[in-house]
Amino acid sequence: MSRDEIIATTKRFLSEEFEVDENEILADNNLHETLDLDSLDYVDLVVVIEENLGFKPTADDFKAIDTFDDFYDLAERKFAETA
Amino acid sequence: MLINKENIQTYIPQRAPFVMIDALINASETNFESQFEIQADNLFIEDGILSESALVENVAQTCAAGFGYVGSQKGEEAGKLGFIGAVSKLKVEGLPKTGEQLSTKIEILNTFDAIHLIEGTVFSNEKKLMTCQMKIVVA
Numbered sequence: 001m002s003r004d005e006i007i008a009t010t011k012r013f014l015s016e017e018f019e020v021d022e023n024e025i026l027a028d029n030n031l032h033e034t035l036d037l038d039s040l041d042y043v044d045l046v047v048v049i050e051e052n053l054g055f056k057p058t059a060d061d062f063k064a065i066d067t068f069d070d071f072y073d074l075a076e077r078k079f080a081e082t083a
Numbered sequence: 084m085l086i087n088k089e090n091i092q093t094y095i096p097q098r099a100p101f102v103m104i105d106a107l108i109n110a111s112e113t114n115f116e117s118q119f120e121i122q123a124d125n126l127f128i129e130d131g132i133l134s135e136s137a138l139v140e141n142v143a144q145t146c147a148a149g150f151g152y153v154g155s156q157k158g159e160e161a162g163k164l165g166f167i168g169a170v171s172k173l174k175v176e177g178l179p180k181t182g183e184q185l186s187t188k189i190e191i192l193n194t195f196d197a198i199h200l201i202e203g204t205v206f207s208n209e210k211k212l213m214t215c216q217m218k219i220v221v222a
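Just so you know, the sequences run in chain order E and W. Each residue of the first sequence is one higher than the one before, counting from 1 in the numbering used here. Each residue of the second sequence is one higher than the one before, counting from 84 in the numbering used here.
So that you can see chain W by itself, here it is in the shape it has in the complex:
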C-alpha cells in the first residue's frame, strides 16, 4: 500500500464526507489502483446501494491520488487541484452495496499538456461494475 486511509487526504483535494477512496495501492507513470470500502453513511448511498455518480467520483479521486503520489515522488506539491473535463464511454454493469470493498484501476491512455485521457474500471470482488474514459485536467 502506498497511501493509507489516514493519509489519503494529503494527496487529494476532496474532503470528508466527499472522500470516495480509502487507499492508494499502486501507482506508476501509466497506472493507478485504489481501494474503497463503502460505509453505510456514504453520501451516495440510497437503499443500501451506491450510485453511479459515486463510482465516477471514485475513478476521479483515484486519479487525483495517483497523480498526487507520483508527483510527490518527483518533489512536486501533493494534493493539487484537478478537474473532470469530460466523461465518455461510461458503462455501468452493476452497483455495489454497503460494506463492499471496491478496487479501482486506472490506465493513463494519453496525456497532452495538463490534460490526461484515462480509462477507469471499478471492481467489487473481481466483478467489473463500471468502466469509463475521463479527461482529467490537473491544475
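Excised from the complex, chain E in its bound form:
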C-alpha cells in the first residue's frame, strides 16, 4: 500500500469510527486530540487499524505518535517490514 493509499484509507476508517470530519485529519494535526481519545478508546483504534491496514500497533508505537504524519510513517514501516 502506498503512502497516499494509507492516508486515504486511514482518513476513511478513522472518520467513520470516531465521527470526525475527514478534513480535520490533517498530517500535522495531533492524532490523540483530533480523535478525542481516552485510554479505553485505544483498543477500538487498534481494532480498526488491524481491520483496515492489517497490522496491530503496540502501546510503545502510540507513545511515539503525536501527529497523523507520525502514524502514516509507522504504517509505512509496518508495510515495509512485511513486504
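Just so you know, these hints were derived from the structure itself, not from any lab. One thing to keep in mind: the hints can contain errors.
[Claimed, not checked] Only some residues are given here: those of chain W computed to face chain E with a beta carbon under 10 Å:
#1 N193
#2 L200
#3 K218
[What the hints assert, rightly or not] Here are the simulated lysine-lysine pairs, DSS-like style, with alpha carbons at most 27 Å apart:
#4 W:K157 with W:K180
#5 W:K180 with W:K88
#6 W:K210 with W:K188
#7 E:K56 with W:K210
#8 E:K56 with W:K180
#9 W:K210 with W:K88
#10 E:K56 with E:K11
#11 W:K188 with E:K11
#12 E:K56 with W:K211
#13 W:K163 with W:K88
#14 W:K157 with W:K172
[Said to hold, decoys possible] Far from chain E, by Cβ distances over 10 Å, these chain W residues were calculated:
#15 A99
#16 N109
#17 N114
#18 I128
#19 D130
#20 E159
#21 E160
#22 K163
#23 G168
#24 A169
#25 G182
#26 D196
Ideal Cβ placement from N, Cα and C applies to all residues, glycine included.
Use these hints to put chain W onto chain E, whose structure you have.
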C-alpha cells in the same frame, strides 16, 4: 472443570452475595467458559427472574475468572482487580428463571495494553439469552 464453586473466589475479586459465577469450565488465551446456577436468593432476582444487570455481571466475572486462571498458570497473582470500562452492542433475547443453569462463553476480540475487548454470550439450555461486547481493564 478448571475451577469449582469452592475455589472460584480465589480467582475473582467479587465476594458473596455478589458472586455471579459458580465454576470456570474452560480457559485459554482467547476463550473462557463458565457455569452459574441461579439461586432463589440471588440479589438480582425479582419475581423469579434474573435481571439483565446480573447477566452483564456474569460476563464480567467470567472474564475475571478466566484472566485470573490463565494468569495463575503463568505464575501471576490470582484474583487481580478488574474494571468494566464500557459495555456495547448489548442484546438481550431472554431472561432466565430461578433454578436455570447459565453457560457463559467469552471470546477475547483484541487486547491493547491492559485493556481487553471481549464478546460475551450467555446461554441457558443452549438458548442464547444475552450477548454484548465489553472493555475490561485488568489492574
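Inset, instruction - Check each numbered hint from earlier against the structure, then list the numbers of those it violates in ascending order. - result: 4, 7, 8, 11, 12, 14, 23, 24, 26
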